[in-house]
Structure formats: C-alpha cells, structure tokens
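Asker: Take a look at the letters that make up each chain.
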Amino acid sequence: MEIKKGIAVSPGISIAKSMVIDSEDYRIPYRAIEPSQRTSEIRRVKKAFSDAIEELNQLEESYDNKGSQIKDIFAVHNRFLHDRSLQKKISDMIRSELVIAEYAISNTFREIASHFANEKDAYISERAADIFDIARRVLKHLLGKKREEIGNITEEVTIVARELSPIQTAGFDKKFVKGIASDVGGRTSHAAIVARSLGIPAVVALEDLTSVVNEGDTVIVDGNRGIVIVNPDENTIAEYNEYKDEFTELGYKLNTLKEKPAITRDGTKVTLLGNIEFPNETQTVLEKGGDGIGLYRTEFLYLNTTTEPTEEDHYNAYSQTVKAMKSKPVVIRTLDLGADKYTQSKRFVREPNPFLGLRSIRFCLQNLMMFKTQLRAILRASVLGNVKIMFPLITNQQELMQAKMILHDVMEDLSDEKIEYNQKIPVGIMIETPSAALTAFSLAKEVSFFSIGTNDLTQYTLAVDRGNELVSTLYSTADPAVLRLIRTVIQDAHKAQIDLSICGEVASEPEYIMLLLGMGVRTFSLASPMIPEIKQIIRSVTITDCNKVARKVLSMNSERHITSYIRNAARKIIPEAF
Amino acid sequence: MLEKVVCETEVEIKNAEGLHMRPAMQFVDISNRYDSKIIVTNGKTSVDGKSIMQMSMLAATCGTKLKIKAEGPDAEAAINALQELVENEHFGESLP
Chain A
1 MEIKKGIAVS PGISIAKSMV IDSEDYRIPY RAIEPSQRTS EIRRVKKAFS DAIEELNQLE
61 ESYDNKGSQI KDIFAVHNRF LHDRSLQKKI SDMIRSELVI AEYAISNTFR EIASHFANEK
121 DAYISERAAD IFDIARRVLK HLLGKKREEI GNITEEVTIV ARELSPIQTA GFDKKFVKGI
181 ASDVGGRTSH AAIVARSLGI PAVVALEDLT SVVNEGDTVI VDGNRGIVIV NPDENTIAEY
241 NEYKDEFTEL GYKLNTLKEK PAITRDGTKV TLLGNIEFPN ETQTVLEKGG DGIGLYRTEF
301 LYLNTTTEPT EEDHYNAYSQ TVKAMKSKPV VIRTLDLGAD KYTQSKRFVR EPNPFLGLRS
361 IRFCLQNLMM FKTQLRAILR ASVLGNVKIM FPLITNQQEL MQAKMILHDV MEDLSDEKIE
421 YNQKIPVGIM IETPSAALTA FSLAKEVSFF SIGTNDLTQY TLAVDRGNEL VSTLYSTADP
481 AVLRLIRTVI QDAHKAQIDL SICGEVASEP EYIMLLLGMG VRTFSLASPM IPEIKQIIRS
541 VTITDCNKVA RKVLSMNSER HITSYIRNAA RKIIPEAF
Chain B
1 MLEKVVCETE VEIKNAEGLH MRPAMQFVDI SNRYDSKIIV TNGKTSVDGK SIMQMSMLAA
61 TCGTKLKIKA EGPDAEAAIN ALQELVENEH FGESLP
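Those sequence lines, one after another, are chains A and B. Number 26 in our numbering belongs to position 26 of the first sequence; there are no gaps in the numbering. Number 88 in our numbering belongs to position 88 of the second sequence; there are no gaps in the numbering.
Keep in mind that a hint or two might mislead.
As the list claims (entries may be wrong) - Quick list of the computed label-pair ranges, beta carbon to beta carbon:
1) A:Asp465 x B:Asn88: 36 to 44 Å
2) B:Leu95 x A:Asp409: 51 to 59 Å
3) A:Glu2 x B:Glu89: 48 to 56 Å
4) A:Lys5 x B:Thr9: 47 to 55 Å
5) B:Gln83 x A:Thr236: 17 to 25 Å
6) B:Asn88 x A:Pro354: 18 to 26 Å
Unchecked claim - Partial list, derived from the structure: chain A residues whose beta carbon lies under 10 Å from chain B:
7) Asp72
8) Val76
9) Asn78
10) Phe80
11) Asp83
12) Lys89
13) Ser91
14) Met93
15) Ser96
16) Glu97
17) Ile112
18) Phe116
19) Arg127
20) Gly199
What the hints contain is simulated information worked out from the structure, not anything from laboratory work. We put the beta carbon where it would ideally sit given N, CA and C, even for glycine.
Whole structure, please, built from the sequences with the hints as guidance.
Answerer: Next up, the structure:
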C-alpha cells in the first residue's frame, strides 16, 4: 500500500483498477512474455524502428523547404532511431525482464526522459518532451491499428497519467472512468475542469504517481482530501467504502435543494447556470437544478477527431443540447483553442508562447472558413430554443467588430438560402484579458452580455501560467489586481444595463460566493455537480452581509489577507461547506 | 596492421543552451566520421561519443567540462575536429 498526496480538484471517492496511459493517445499494456518469445519481440522492436525511419524520411522530403527548425527536429529523431545503443538498451530489457516490445520501448524512453526532467537547467529539462516525441514516433508503428483508445474503455477504471490533454479527456465516458489521478496539473488545468464537469473524483499534482502504479493495480482516488492510495489493504478499502457511502448521502441531501430557488435570505434572486462540454451533460445540469447553460465549450468537436468537424457535426451537437434545455438559455462559446492543439495534422506549428499567440478568436479570425461553419451551425440551432453566442478572448474593439461582421455575413448567407435563424440572437463576449476588462465600458455598447472568465483573466493579469508548478502559487483570483478588474467589468456592465455572469472556476468555489455577490454578480456559471452546494451557500447568506465582505476586501491590498478573510467570512455563515 | 593511437582532450561547453539535441547531433555526426572509438566523460559517467542517446544523457549545460578520449587510427584528427566544434564553433550557437 502506498499513499500519495496531491491537489484535490474534483470531489468524490472512487475505488477501481488503474489504467495507466501514456502522454499521448497510447495505452501501453504491461505483458510478460515466455523466454521463447524473446527473439520475435526483439524483431518487432527492429521493425518498429525501421518503419519509423521510413516514415521520417518521407516527412523530411515533404518538408523540404519549410525552415530549418523542423528539419532539425527530424534530423535529431533520425539520429535517435539509428542509435544502436538505444535499440540495444530496449532489447536488453526484453531479454532480461521478459516484457513485450511496447512496454520495453515505452519504459526505456521514459527512463531517458526522466533523466532530463530531473535536471534543474530549463534547457535540459525541456528535452524530456523531445524524447517522448521520439517514443511516440516508434510506438505508433508498433501499436498500429491495435492501439487502444481511451474512448473504448469497457470496464470501470481509474485513469492514471502523467498529464491529460484535452484530446484525451474529450473521450472519457463517465460510466467507466471512475477516477482520475495525474502527476502534474492544478485546479484549473484542463483535466480538472473536465473531471468536475463530469463529476468524476480527481486528484492532480501527484508528482511521480505514474512510476509507482502498474496497470491493473487497485487505486483509491479521494477527491475530497487530495489523496491517492495505490494497492490499499483490506481495512483501507472497507474504510473508504464506508466513507464513499457517507459522501453519496451528503450529495442526496444537497440534491433536495433542486426544486428550491437560488435566493438569498433577504430575497435577492440569483441565477445558477452550468458549464458543459458535451451535449449529454445537459442531463446533469437539469438534475442538479441549473437554470440553463452559461458556458457551452465547443472544443471537443475539434479534438475528438482528426478531421475538421462539418457543419452537420456542429449542428447535431448544438441542436441536441438546445432541445434538451427547452426554453432555458444556452450560451454557446465559439472555438477557444490555440493552433498548438487544434488538430493532429497541424501539430508541428509550434509557437514559442502559445498563450500569447494565435489562439481562440484570433485563430478563428484567421481561419474564416472554419469559423463560418461553426457560426452557421449555431445560427441554425438558434430557432430551436434560447441560444446565445459568445466570443472568447476578445482583446480589443476591432476584433469584436470583425467577429460581429462575420456573424452578420453568415446571417445574410442564411437569409439568401432561406434558412431560418434567430435574427436577434444575443451576442456576448468573454472578458478574460486585462485589455478587455479595462475597456469594458466601450465593449459593453456592442454586446448584450459579458461573461467574466476568471481563469484566463487571472493568468493574464498576474502573468502566471496556471499549469506551471514552479509559479502556480502566484496564481490567485483573490489578488487585488484581479479583483479590481472584475469590479470594473461589473460596474461597466451595470452602467450599460447588459447581462453579466461569472464563468470561471471561482464561481464554484464556496469561499468566493459572498465576495462576488457583494461585488454585484447575480449570475454564476459553474461545473454542474457543484450547483447544489453553491445554491445552499446563496440560500444561507444576506446581500447586506455580502456587501460588507466586498467593501472590506476591496480596501485590502494583500492576496493572502483577502484569501483568509473571505474564507473566514464564509465559514462563519456556512461552516458545513468547509 | 593499423596503428592504435590514444588521444585525449578536455573541452568546455560554451554555448548558452548547453549540449541539447541539435549540438548532440552535430557531435555524434562528427564522431561517426572517424573509425576511432570516442569516449566522452563528464567526471561521473563515460559515454559513447557516437551515440546521440548517450551523449544527450550527459545533460551537459553551459560551463560543463567534458573529457574526450579517442582510440584508433584517426584518433588525433577526431579529437581536433570535436574540439573545434565544441570550443571554437560552439555548435554555431550563441554564447551566454
């Protein structure tokens, strides 16, 4: 039995066998072989290497004139694939440990990579990524069509991974994925967001978990306390089964709030909306008593497949969602991805600084065909219910005007083709950059609603990469700089009399609710499993108290003091939430 | 029968980013042009100077001193070429 501590990012308890997945789509099974199979396994390694070399040569040719950096990458991969001592290392492992080729390759490369990852020098530690790239190149040929995708899981498992990409989490089926545990990540990393929205217990930042878990080990994920237990003993399993039941019961209690309104003790009505990623999540939103969808992330349409989604793919997903929600609002956010993770085919377009690069609305405005396809589908779905459209990552008025103009063009096309759509579809924007927050007064004149995306707003304001463990402690929405920007946006929205909501992670964090209510927020959009808990908090407070909290906080100038102040204030009123 | 020569030198990594993938590639490319056996040592480990995997695993940063030993008929020429690459050309990269 081994107990590991990490960061709890999605509540709940799960006990299931582990499925260890490699850094990409591959799942490397551990299988022992008979001594007589050694020669054939080693032959498979050789074949995989020579196939990879052949593929690389073709790639190199096709990239003939495309810049030296890419060619250098190929050249380095080529040297590795020709390195006899590397192949020998792998063959030796097969010989001495009697394992299949896939496992020996994956393990050998991981060992080389870990050698780099532990180095303090950033130039060297980054090389681990190069090594994984080469490993993938070889494994791809070995696994070929046999490769096991996460989408095809058919038994209950705990997913154990170094890091989960949006591509991987997009395929998760709640029925089989019972828990998630990863080496890296934080509260706002993609895996955490998806885990919360699906209601799967998750713990991240477990450092070297993948090196202590073997495929098939029993793993307990305690998403309440941030603990993962590998190969628990019988007593521990019994203890956790009991704890799991208690937790489920608490969930039932909160669910009785479903029919009750989200209203403060002094009578202020609050709207609680759900954040979703997949059409079938509408079910959870409705079950948990959500008043609509405040953020429909559409990225999964692009990440699930290697080909571009068609207008019908978009339309099918949107119409399913909108119909399920009946007359309740559905805010569809247009594509919010960077070129760095858009599709497999564009993987080599690496930007040195992707978060400041071609992502989100910028990417859409440079890929008009793709953008228009999505807008057409949203507009067509707009007649089926209460659909709103939202543009992400707006940084200036010109971008907004451009996006609106393209929307207008698409509307005209639809009119020409006599296709129905809602001509008065409400258009809104995410406020998630400091520049948008600071110019909210003028942006407000052009839209019918704002949604503050506190995750990106915090990251861009404080210049902190929320996924980087080395600096992630600096990341806090309670920072006075971030709170000032949020206040500005709320005030400007009120002045312009447009709708305003908060759709970042803070909307689901109990300690922030009083502060946000006091600052004037009346609509929250959050991971739907958290709706009952947040509703209970709203029903326990008065706006008068919340106003006091907000006034006090806005006069404070230290993030640490603010964090502990809002936590104490919330704890006094609703001790059971902490 | 060919004469067996042993030749040795010590070099310092001078380019800012150290012996990362591309420099390691340049190093093994030159090593592989010679028949001599090339051994590179960083004080702790000794590796084959013709293997990019082993060379990159030296994880030599800027300022690291490496001992290069060549054994074989063209040992001297190999040492000279490698020394030129590391210290004079510093892999064609910028200095700190």
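Asker: Hints first: check each against the structure and report whether it holds.
Answerer: For each hint, the structure was consulted:
1. A:Asp465 x B:Asn88: 36 to 44 Å: Between Asp465 of chain A and Asn88 of chain B, where Cβ atoms are some 38 Å apart, the hint holds.
2. B:Leu95 x A:Asp409: 51 to 59 Å: Check passed, 53 Å falls within 51 to 59 Å.
3. A:Glu2 x B:Glu89: 48 to 56 Å: Taking Cβ atoms as reference, Glu2 of chain A and Glu89 of chain B lie about 49 Å apart, which means the hint holds.
4. A:Lys5 x B:Thr9: 47 to 55 Å: 49 Å Cβ-Cβ, so the 47 to 55 Å window holds.
5. B:Gln83 x A:Thr236: 17 to 25 Å: 60 Å, violated
6. B:Asn88 x A:Pro354: 18 to 26 Å: Violated: the Cβ-Cβ distance is about 36 Å, outside 18 to 26 Å.
7. Asp72: 5 Å, holds
8. Val76: Since the shortest Cβ distance to chain B is 4 Å, the answer is holds.
9. Asn78: 9 Å, holds
10. Phe80: 6 Å, holds
11. Asp83: Cβ of Asp83 of chain A sits 5 Å from chain B, so the hint holds.
12. Lys89: 8 Å, holds
13. Ser91: The hint is violated - Ser91 of chain A has no Cβ within 10 Å of chain B, the shortest such distance being about 14 Å.
14. Met93: 14 Å, violated
15. Ser96: Since chain B brings no Cβ nearer than about 19 Å to Ser96 of chain A, farther than 10 Å, the hint is violated.
16. Glu97: 19 Å, violated
17. Ile112: 6 Å, holds
18. Phe116: It holds, given that the least Cβ distance between Phe116 of chain A and chain B is near 6 Å, below 10 Å.
19. Arg127: Holds, because the Cβ-Cβ distance from Arg127 of chain A to chain B comes to roughly 6 Å (cut-off 10 Å).
20. Gly199: Violated, about 42 Å.
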